[in-house]
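Listed below, chain by chain, are the residues.
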Amino acid sequence: MVEKKSQLISVDDRKTVGQQFVENPRMTCRDVNVYYGDKHAVHDVSIDIARNEVLAMIGPSGCGKSTFLRCLNRMNDTIDICRVTGEITLDDNDIYAKNIDIVSLRALVGMVFQKPNPFPKSIYDNVAYGPTIHGLTESKSDLDGIVENSLVKAGLWDEVKDRLDQPGTGLSGGQQQRLCIARAIAVEPELILMDEPCSALDPIATAKIEELIAELREQYTIVIVTHNMQQAARVSQRTAYFHLGDLIEVGYTDRLFTTPRHQLTEDYITGRFG
Amino acid sequence: MHHNYQKQIDKLRENFLTLGSLVEDRVRKACSAFNSSDQADLDMVIRSDYEIDEMEVEIEEECLKILALYQPVAKDLRYIIALIKINSEVERIGDYAVKIAMRVKFISEHGNQVFPMDYRPMAEKVIAMLKMSLDALVDKDAELAHQIFLLDDEVDTMRDQAYDIIKAQLRKQPDHAGSLLNGYLVARHLERIADRATNIAEEVIYMVHGDIVRGEHN
Ligand SMILES: Nc1ncnc2c1ncn2[C@@H]1O[C@H](COP(=O)(O)OP(=O)(O)O)[C@@H](O)[C@H]1O
Ligand SMILES: [Mg+2]
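As given, the protein sequences belong to chains V and G, one line each in that order.
Heads up, the first sequence is in our numbering, so the first residue is 1 and it goes up one at a time.
Heads up, the second sequence is in our numbering, so the first residue is 1001 and it goes up one at a time.
Please note that a few of the clues may not be correct.
Examples of chain V residues toward chain G, derived with CB under 10 Å [claimed, not checked]:
id	residue
1	Leu108
2	Thr265
3	Thr270
These aren't lab readings, by the way, just hints derived from the structure by calculation.
Remember, it's a predicted structure, so these values are computed and weren't measured experimentally.
Ideal placement from N, C-alpha and C gives every residue a C-beta, glycine not left out.
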């Protein structure tokens, strides 16, 4: 007998489907809700973030990707009207616990933004700033080592090693973004959050960042928000699809882009949304 | 962009339907000449295979163009991938039509009055399978595709029967060995067409459900 396979999950069903949980996660999020005043921007999101994975978050504008991403290093704390409920742990520690030092948390969970935002300082100082304030170095030569190492990992060293004293803002857009990645790496993070890191970059600079992401994964865990689905498909191992504040589907990226399980995911990735 | 994409997909579908019905027609002509003295159809099938080859190339190029320009995903991607594979299956079926036509021509030139078996039921079943597989593709009908697997077993049985009949006849009429062997090869080619139709059905199931079912139904 032919077994009739179930169809795609209906658009009315908003319970997350797919591989949202993993074994031995780096980070766990359970029933996370976010409100901006009365506006309920993120609804009951539960997901794990694996070690050394790149997790891509996709979805239409305004679906809550950035809002959710900012929960992961408590960046939403800086927005007065924003309230976060639920539980998020990093290596089994509740990051919303009272005793958490937010400055250290943001070093452990670094962030790279859409628009590169180097400090108006030298290239060297941009990278050296974090390790210095976090007391990660004992000597100038230690610090030199960290700066060089971070720039090497960010794929920028060869381009800037002869002009470390020049302002970071003088670099090209793609170089500035890699400088911001070097800055995040310099404080020894476990997780790096990236919110549309390539949307201000040209295709070549974008390709460099994508290559860099693939290399960084060996050492770090990366969560990237992108509106570019091909980018999500290229760089990530799992992809999470958000829709109007709901986490609709999480799947292994190759699977999600060939056989999504939810109608909303399929409509979005095939360009039939709206 | 989405509008253009749909236009390309529609054009691709139309071209593929043309190829599909052309190949179906060639198989039918190659087989029916077995029972008529009409050689014109046979010669046409043998001589104009290049048309099918050209159409196959054109469809493949269209598929590649769509992949490069639109980078489709999910069901759109599965459709193009399935079509690329089915396209080449259909072209091979065209090759079998040519081979059948050559065998039939040989037999008719060497006196088919000695011929011990009727190929019509087998040919009809195989042509039905081919038609079903193309319909399943066009209608994205996985259930119909599944039915083809059952027919494939029947065609295998018919090929085995042809083997037995021809073997027995070879003993009785060893001086007609050429015709008899060519007759067996017709059964063999028909059976291969049925295999190709089965491959098409597998691709249709992949396209509809995303499951790769190759060989699992055996
Ligand atoms: N600072 C804010 N104050 C009020 N509402 C906000 C704020 N930031 C985002 N929102 C709202 O929350 C929803 C999710 O936004 P966001 O997380 O930026 O979406 P995305 O990153 O997926 O485009 C949107 O409706 C947006 O208008
Ligand atoms: Mg955003």
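What are the numbers of the hints that this structure violates, sorted from low to high?
The structure conflicts with hint 1 only, although it agrees with all the remaining ones.
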